[in-house]
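Residue numbers (this note's numbering), protein chains in the order written: chain G, 1 to 290; chain V, 1001 to 1283; chain D, 2001 to 2239.
To be clear, the hints were calculated from the coordinates, so they are not data collected in a lab. Virtual Cβ for every residue (Gly too), placed ideally from N, Cα, C. Errors might be hidden in some of the hints.
[Unchecked claim] To give an idea of the interface, some chain V residues facing chain D are shown, with a C-beta separation under 7 Å as derived from the structure:
1) Tyr1157
2) Asn1158
3) Lys1162
4) Tyr1192
5) Asp1194
6) Asn1203
Chain residues, written in single-letter form:
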Amino acid sequence: MFRNQYDQDVTTWSPQGRIFQIEYAMEAVKQGSAAVGLKSGEHAVLATIKRAPSDLSSYQRKIFKIDDHMGIAISGLTADGRILCRYMRNECLNHRFVYDSPMPLGRLVRQVADKAQLGTQRSWKRPYGVGLIVAGHDESGPHIFYNCPSGNYYDYKAFAMGARSQAAKTYLERQFETFAAASLDDLVKHALHALQASLQDGELTEKNCSVAVVGGDMPFTLLEDDSLAPYIAAIKEEEPAAAAGMEAEGAAAEGDAAAGEGGAAGEGEQQQEQQGGGGGDDGGEAPMEQ
Amino acid sequence: MLHRPTSHSAAIGPGPVPSLANPGPALEQQPRHAPQAPSCGSEAFCVDPQALSSSHPRQHTQYPYVTGTSVLGITFKDGVLLACDTLGAYGSTKRYKSFDRLRKVNDVCMVGASGELSDFQYIMRLLEELSDDDFCMDDGHHLKPAEVHSYLTRVLYNRRNKMDPLWNSLVVGGFHSGKPFLGTVGMIGTSYTDAHLATGFGNHLARPLMREKHHPDMSEEEAVALMHECLKVCYYRDKNSINKFQLAKVTKDGVSISEPFALETNWGFKLFQNPAANAVGTW
Amino acid sequence: MATALPVRAQVPAAGQATKQHASWSPYDDNGGTVVAVAGDDYCIVAASTRMSTGYSILTRNKSKILRLNPKCVVASAGMQADMETLHKMLHSRHVTYQFNHRRPMSCPATAQLLSNTLYYKRFFPYYTFNLCAGLDDEGRGAVYTYDAIGSYERVGYGCQGSGKELIQPVLDNQLKAASPLVLPQQQWLSSLPLEQAVDLVKGAFVSAGERDIYTGDDVEILIITKDGIRTDSLQLKRD
């Protein structure tokens, strides 16, 4: 499958000034399942939807602890994510060994971005096919960073990536002004609401998602299964009110009335679409994160 | 890039070893009719041909040349004081009399050094590179005193592992997030933090005074007075010291290093005038 | 590497013939004593906090114990710089182990790792004398004792460092270890109740503090049980 004649290697520009190989790598991020990250004045939270490649398999891990003060959520090629994860863990350990202190988040994110950039400028390499949301807490407070395969990195108040993440982004864009003062519990609930928005083909359960929290007063902690269940239950109660408006993608355009009516029906529609044409979305390409 | 070993040899001089000066087996086997002739380029001029001949190995530092004596440090209520004299001694010659042995690392941290002063200048260059990196990053992060201390411990320990030590005892003083920091590192990487400390002779001469009079919530005036007393005792008893001191302070307002000053001394004590008065015996 | 050994006498450096100058050794003994006693369901680890060199005290408050997890600690006497490095190394390895295995390292595993870490520097050893102590997989107290290059053995109690000669015989006498040669194998765990064992350790340190100049100031005591690590401390003479 050739899109055009300028996408055969990473060192070739298109006449429009684009490098297609990099853009393809960024597409890989969109095919992984959704991940969101958001922060308050004290804490940062990660939340992801976990997929199981088949009914016979377990769920694929999407959140990795890097050090006591930070962790990442990945979307895209899990294998590439694991390599970057190992690199970040090592850098944090080395920093602790030499300086006896936790590594500043921004510094590590920048190192990872520099590493990713190399893959976009060497003829014998390829860009990483994975996006990272880095959440953590250091001296300058909580942070959410996004590391892109292009070698770019961004500092966010809240961010979402992966399949159908636009819906989650829409939710976050509407709510982010309340995050700064939000409690940790509220922050986790916001994260789950955002996830729910991007998960149209099913229910959010403690099995198919995982959450991680980190702050100045607590080390990076993964919430899964039993420890996550109360939060899932809490958002299920709030659901009818909050989730209805968030259902469809590109929700910004739609009217309130339409959203109100769309609760159940919208979900059904999306499911149809998923079954019909969703094959490409879920990939099936072997190396892709499922 | 090829690895170039660093030289500390008296014959070759400090810095990267010129390729010819690295007597690998290949070089050894070449016939050398006129070793002093500039065979190619300028490299031959960098090397004392004698250093290449026969089987002398390249040597690491085995003793210091120009040294500084004790550095003293104490904490007080809202900061840290460091003090030492300004002498760089060549053996027992008072060779450099205005050498700044207290240096600022950044706004929250400073380092004082005793031991080999050239090694100290090298160490300061390492720290300056780190500070410059922090500045270039422009993200507001900078090295904290405890991080500088830990880093220096790793550097000195690493060099002792290479059997090529940096011949220093360093004192790190700083003030960060409302707390004073005072730590020290020795030439083999021995490190600790305490409310007061001293390197070298100071450990014998000044620390008993500190143990007696220091308390962590003392005022700046009290701390300066104690420091002056310690400096004076060190000066009376340490032959390799001079009456020209610097006192440095780290508080929440940053680092300040005083101009050199002298302390009033009294050599009229009876025992100073006649030191052998009580020394009965055969000598 | 140089092809031949240098003959020092034939190449006197400037001034070397007459002048004596500073020399250095990569090793120093900073003193200190560590003790560990294992019980049926507890383990006591204690270490003095004085750090000395020669006849000088460098500081009175330097911990010699590395807490890896609630079931395992490592305590080391000897040279402080080597101890610090060894502890940092073990800490890093422990973090990596948890990333890979998603659980803390058990005490027997840590014991083997410590042995390997020490032997890795067989020809430029860490000048440290270590005890690895905690609870084993069955919840019983475990103490492992080492030499500087990694030989190790599980014991019921152990003592290392400058006060070893003073404390070890007291422990031998009070805890009455069965000889390892007796068959069938005898129980070597301390049968003392926890509080008595803590008193024994404290008494041993007070005694060692009387005669050993490198043991003094304070003793940091960790009591490891299934509920976690409890700390206690003991003041010794500061002379």
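Hint by hint, where does the structure go against what was stated? Just the numbers, ascending. 2 and 3
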